[in-house]
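Chain by chain, the residues:
There are 2 protein chains.
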Amino acid sequence: MIPLNFNKSIDGLLPAIVQDYQSNEVLMLAFINKLAWEKTLETGKAHYWSRSRNSLWLKGETSGHVQKIHQILVDCDDDTVVYKVEQIGGAACHTGHRSCFYRRLDGDRLVAEKEKVFDPAQVYGKK
Amino acid sequence: MIPLNFNKSIDGLLPAIVQDYQSNEVLMLAFINKLAWEKTLETGKAHYWSRSRNSLWLKGETSGHVQKIHQILVDCDDDTVVYKVEQIGGAACHTGHRSCFYRRLDGDRLVAEKEKVFDPAQVYGKK
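Heads up: the protein sequence lines correspond to chains H and D, in order. In this text, residue positions in the first sequence follow the working numbering: the first is 1, and each later residue adds one. In this text, residue positions in the second sequence follow the working numbering: the first is 1, and each later residue adds one.
Among the hints, a few may not be true.
One copy or any two copies: either way a pair holds, since identical chains are not told apart in the list.
[To be verified] The calculated EDC-like cross-link candidates involving lysine to aspartate or glutamate, where the alpha carbons are at most 20 Å apart (straight line), are:
1) K114 to D78
2) K8 to E38
3) K116 to D78
4) K116 to D20
5) K39 to D106
Hints were generated in silico from the structure; no laboratory data involved.
Next comes chain H alone, as it looks inside the complex (with noise of 0.2 Å):
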């Protein structure tokens, strides 16, 4: 297994950028330990660690949107990966939308610029 450098960071994270392996949108970032980064290479689905929930977290273990690993990218210093990805269901934030960067920064404000792809009521259920 290819070693990252894990003692880069304060807390042992390390930044994972998801992007779509057609388009090459980013679609997110994560972070991933040790754990998730075996998760990954082990199952070809994209796992990372919840700092909200301080846990392992498969991507789409709720909502069945899980994202499948077609490539992965290591960057000069160990330090950060990209997943290029086939995001199932269409759509990887939480908001519904296909990407979580659904917004531009236009001068002093920012301006959502996509359509949501899903209803994240229907999806993650009503809270």
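Given the coordinates of chain H, assemble chain D onto it according to the supplied hints.
Frame of chain H; chain D shown alone:
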């Protein structure tokens, strides 16, 4: 100025994903604090916070290979940004590669896929 959630991380640093504004290739990832964010917005050139030097870092300050900001995207949690940039000099990585992510995972090894754009010894001087 658009506020980001700098309290999200232990060290007050947020990840900035850097993409080529035309090809959408991910060139690098670096971290920003409030000062780097403000300087980027003020100047239109990508600034980061260097964790190794613990100081503000204008990308390209040594090599002249600055990153001109074409668009900025902000994620759903206000804790990660995408800088879509024009990379002056053609290469973002200190190794001379266009992207820091020039290696892909192939089974249990990393394969360097892309040629160098420049010779680091010529750009930064021999060390």
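Here is how each hint holds up against the structure:
Taking the shortest Cα distances, K114 and D78 sit within 20 Å of each other only across copies (17 Å), while inside one copy they are farther apart (33 Å). In the homo-oligomer, the alpha carbons of K8 and E38 lie at most 20 Å apart inside one protomer (18 Å), although the nearest pairing across protomers, at 25 Å, exceeds that limit. Taking identical chains as interchangeable, the C-alpha atoms of K116 and D78 lie at most 20 Å apart only when they sit on different chains, with a minimum of 18 Å there against 34 Å within one chain. In this assembly of identical chains, the alpha carbons of K116 and D20 lie at most 20 Å apart only when taken from the same copy (16 Å versus 25 Å across copies).
For the homomeric pair K39 and D106, the shortest alpha-carbon distance between copies (16 Å) is at most 20 Å, but the shortest distance inside one copy (39 Å) is not.
In terms of the numbered hints stated before, the structure departs from none.
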